[in-house]
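Go ahead and model the full structure; you've got the sequences and the hints to work with.
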Amino acid sequence: MQNDVEDMGYVEGFRFQVQLCNDALEGGAVVLFRGDEAEFRVSEFDVPEAVYQAALRQPPGKGDFVDSQGVSAQQLW
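Sequential numbering of the sequence shown, starting at 1, is according to the working numbering.
Source of the hints: derived by calculation from the structure; they are not laboratory data.
In this text the structure is predicted, and so the values were computed from the model without any measurement.
Be a bit skeptical, because a hint or two may be false.
[As the list claims (entries may be wrong)] Label pairs and their calculated CB-CB ranges:
| hint | residue 1 | residue 2 | range |
| --- | --- | --- | --- |
| 1 | 45 | 71 | 18 to 24 Å |
| 2 | 71 | 13 | 25 to 31 Å |
| 3 | 13 | 41 | 16 to 22 Å |
| 4 | 68 | 37 | 15 to 21 Å |
| 5 | 71 | 11 | 27 to 33 Å |
| 6 | 6 | 46 | 26 to 32 Å |
| 7 | 27 | 6 | 14 to 20 Å |
| 8 | 65 | 42 | 16 to 22 Å |
Built from N, CA and C at the ideal position, the CB exists for glycine as well.
So this is what it looks like as structure tokens:
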């Protein structure tokens, strides 16, 4: 999702976030990023590049559930 001014990390320059969920769609972790990184890598989590790219496509304050290929859950159901 693309953060808006009231979201966690925005003040520190983090304009995007990926929320990692388990199979029951319960949150497990939040990865904050700026959006201008040369490479998206978080050592603790194996998050595919397509997931980060999906977050970059979101309008401010909005998000979407995506699979590991970055495909919207709306397209999967």
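Which hint numbers doesn't this structure obey?
-> Hint check: nothing fails, all pass.
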